[in-house]
Structure formats: structure tokens, C-alpha cells
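Chain by chain, the residues:
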Amino acid sequence: MPIKVFIPTPLRPFTEKRDTVEAEGATVGEVLQDLLRKHSQLQPHLYSENGAMRSYVNIYVNDEDIRYLSKEKTPVKSSDTVSIIPSIAGGVDVAVETDIQLSKEELLRYSRHLLIPEVGLTGQKKLKAAKVLVIGAGGLGSPVSMYLAAAGVGTIGIVDFDVVDATNLQRQILHSTNDVGRSKLESARETLKGINPNVVIKTHEERLSSENALELFAGYDVIVDGTDNFPTRYLVNDACVLLNKPYVYGSILRFDGQVSVFDARRGPCYRCLYPTPPPPGLVPSCAEGGVLGVLPGIIGTLQALEAIKLILGEGEPLVGKLVLFDALKFSFRELKLRRDPNCPVCGDNPTIHELIDYDQFCGVKPPTVEETIDEETEITVEQLKARLDRGDDLFILDVREPHEYEIANIGAPLIPLGELPKRFREIDSSKEIIIHCKSGRRSALAADFLRKNGFKSVKNLVGGIDAWSERIDPNVPHY
Amino acid sequence: MKIFVKFFASAREAVGSDNVQVAVKEGATANDVLELFGSQFETMNRLRPYVRVAVNQSYVVNDHVLHEGDEVAIIPPVSGG
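Chains as they are written, first to last, in our numbering: chain L, 6 to 484; chain Z, 237 to 317.
Hints in this document: simulated from the structure, not taken from any laboratory.
Cβ coordinates follow ideal geometry from the N, Cα and C atoms, glycine included.
Hints should not be assumed to be uniformly reliable.
[To be verified] Cβ-to-Cβ under 7 Å is the rule here; a few derived chain L residues that face chain Z: (1) G143; (2) G144; (3) T232; (4) D233; (5) N234; (6) S256; (7) I257; (8) D261; (9) Q263; (10) T281; (11) P283; (12) S290; (13) L340; (14) K341.
Next comes chain L alone, as it looks inside the complex:
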């Protein structure tokens, strides 16, 4: 029974340049043996001397990696296609133009790369030819872009629209104390040019959106994600799937980090991992939950490492695996992840063929829309101040954590959000209740909870104690 076997570009010289050949067999193993009988020069590329399949060769039956089926014993039928996918073939196809040369200064600068056979002159030229887009010049974007610049990646694009804030300095090592108030991109360009003036830095001072993502990504070989929110992560994922670009993913919170390479051509995508985004406020961002400053240094350098491996076409990329890092336990765990055939963007019958509204998908208010207050359920800090000055009898509740209360508070009783289900009876339900947290997200969840439990008059303080500190009482420390 002849089975179609797909041959990747690097192996076609051994199959008379054909991309598909036929071989006989009832299992993948038998088909491969027949293939090698017909095209014996393939042997050393697929198997090592001791007869084991080479670790960088992946075999698929239709869309499934045989590692997840019955390996070489996986049965095949005549309608199946067996595909040989060497890890490197799915990597980045960096067009190394023949006129890419390294100057004497560059040869010296990259000496320690040139000494490694896996990099060498060819690899260093690939790095110089490569174009990598880094999303966000923040905690992850800092080590990513700095190591890519030092490594000699020829073109580094950075997307950001923010200015440097004092709270960034504890981890965003692209920026210095003197940069507070400056555009992050200007500061980043200065730092990166200082590390390596040979690198072209392209700054994209805009908010990444469904309108600009595809056009922007099209000019790059690898996309490295250092954003801090779910809508952008789903946007980056979908754009990478639609454009067939590898997506180097990293994410951090407090002491936990995640790293993976999503490449829908040969493995799962971010949506295969997390099909549904959590509602706003449930999973805190770094601004809400905090992050140990060194953590993005660890996760970001791992992302830079994966980007460089993709460009070089060396080693095994972190495709189909998610690495979890727990800094407190010092544990790295590698979890196997499979492509979801029902994935709406990379599955067998995708329903997403263009970028969607990611703020809506994640239930987030679009950031450009002016803050409007729902008078029934929300109150601004100015309104609260006026009512307190008027002497209104309000019950103000703080739902942050005790360690936050210790840094700054406005004298309201404290019941942390997590304890509310057990303790909400402590609240005087006869009064109008105003709930606050740091920024207004946790208190919105708390307000919903109280309403569901029969409290009639509950309002969320929009902007939380941050807004109170900023607009009403500067003596309340901002953290």
C-alpha cells in the first residue's frame, strides 16, 4: 500500500528534488524503512549510527506528531501522509544575503560566538541578517533586547508607547534613573546602541493593535513577546499563526515564570494552551500583583536564547513544551503540550482567519475609550471626597492584602478579597458601601460579590487608592 511521504526542503537533494515520494508499509516504521531502501542517502539524516531516530527529526502522520501516537509503530493507511519535519526546517528562514559581511571590529566583538562550531561565521551572519521584533520595552523586553543586541542580531524592532516610570526601574534594566519621564523607546535605543552600535534599532511608538499587527510583524523573522496583558498576548499569538511566524512567549508574576515557543507550523499555539482568557482582575498583572525584579531577567534571557536558537537553526526549540519556573523553590519544570485540533486559530478547521477585537475577547475595556463612570455601581475619588466632606455616612471597605495596607491606607477597615466570602457579614449592610483596592479591579470583583449576596447599595471606587493618592491626598504613598 503506497503512502505519501512529504520531504522537507533540506532533504530534497536526496529524493531527486521531489517534495513528495511514495513508500510502502503498514506502520510509520515500515514506511520509513521502505523510504530508505529507495533513497538510501536519507539514512544518516534520519537515523544515527546506532539506528535511533535523530532527536531533531520529527515525524508526523497527517497533523499528528508520532511521539504522541504510537511512535514508529503508528499504523498508516493509504489516505495518510507521513511528513518528515526536521526541527531546523521549521525554524526561521533567515535570508542570508551573500553580501552580508562582518567587519574586523565585528569579527573581534563576536569572537566567543565564532569559536562555537554551532555559531561560527555562518551563524553570526545569520544573526546579522535576522530581524527580531520585541513587543514591549519593559521587564522582559529589557533583557531580551539587550542580549539580542549584544549577540549581534542585525535588526531589532521594539514596540512600546509608554514613558519610563519610577516603578519600572526595579526590573526594567534598559532604563536608568535619569530616564524617568522619557519615552521608553528613546531610552531603549540609547541603551542598545551603547551595547552594540552595529545593530539597527527600529522603534515603533504605537499601541499594538489588530489594525497594525500584521503589517508590523510581516517585516520580522521572529516575534518575542514581552507584553504585560492578556489581550496583547492573544493578538500576538493570532498574528503569528496567520503569518506563520514563530512566537517566543514569556510571562511572569511574583516568583513564577513561563516560557515557550509557539509555532503553529509544527506545534501548538498559545490558544491551544489557554483557549479562554480569564476575566479582568482574576489573574493579577505585575502592576497589581507585583513581581520580583530579577524574575524577568531569568525569563527574558531564556526568551532571547530561544530566539537566537531559532535564527541559528541549532538545537531543539521549546516547541510543544511549556517551561514553568518557580523562583522560590528554584524549580524548572518542562510540560509537554499538544496542538489542539479544535483550536480556533491553528486547528484543523480554524474559525479565526483575521485578527479580532482582543479587548472585547478578554472582556477588557478598550484602553483608548475615555473612562466613563456607571453612577449606579461606581464612584470617582472626587465624588467620594465631596461626599465625605458633606458628612455622608458611608461604609468604606478596603479589599487589598495586609502587606499593602501597611504601605498605605485611607483608614478603611480591611477585608482582603480572598476572605470576603467568609467575612462579608462583618459589613454593615444598612449603609451605602464603597469598596476600594489599589487600582479598582479587585474591588470591582468584591462589589459584584456583595451585590450577589444581597447588598443593595455597593459602589466601586474607580482607580482605587492609586487615584486617591494622585488626585486627592498626595500624603498617601503611591506604590
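The hints should help you fit chain Z onto chain L, whose structure is shown.
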């Protein structure tokens, strides 16, 4: 049968522990474990639809049937950068 449950990131904070050994009935699924902890911890219950479960270091679907001694990791999404 005994299984070992590990919690990561916000799931760890939701249950206040990173490592719990529990007894579940034969034939219990990954989803049963999520329900078990969801019924005890309000925040875990709210996280439940958005977390992914890995059994013995491989991600599984929620109706995956567990076996004696399995290590069940509960991994919520993380967005920070």
C-alpha cells in the same frame, strides 16, 4: 486512591499551598480535582474555567482519568511582562 496536586502562580495563592496530597475515588478525572479545590476555595473556583491541568508533566484535557500516584499540576495563565 492517592494523588499529588501541585499549584502554580495564582492557583497557589488561591489555595494557600503549593503541594497537596489528596484521596480521590477510582476513576476520578482532572476535572474532579478542580471541582474538589473549587468547592473549598472561592478564588480557585473562579479560576477553574481558565486553568490548565498537566498530569505527570503532560498537559491533559479536563476529562482525563487519573491513576494512583499521579502528579496533577494546576497551572493558571500568567500575563505579566
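Hint by hint, here is what the structure shows:
1. G143: holds, 6 Å
2. G144: Interface hint status for L/G144: holds (6 Å vs cutoff 7 Å).
3. T232: holds, 5 Å
4. D233: holds, 4 Å
5. N234: holds, 6 Å
6. S256: Holds: closest Cβ of chain Z sits about 4 Å from L/S256, inside 7 Å.
7. I257: holds, 5 Å
8. D261: holds, 4 Å
9. Q263: It holds, given that the least Cβ distance between L/Q263 and chain Z is near 6 Å, below 7 Å.
10. T281: holds, 6 Å
11. P283: For L/P283, the interface hint holds, since the closest Cβ of chain Z sits about 4 Å away, which is under 7 Å.
12. S290: Holds, because the Cβ-Cβ distance from L/S290 to chain Z comes to roughly 5 Å (cut-off 7 Å).
13. L340: At 5 Å from the nearest chain Z Cβ, L/L340 passes the 7 Å test, so the hint holds.
14. K341: holds, 4 Å
The structure is consistent with each of the numbered hints, conforming to all of them.
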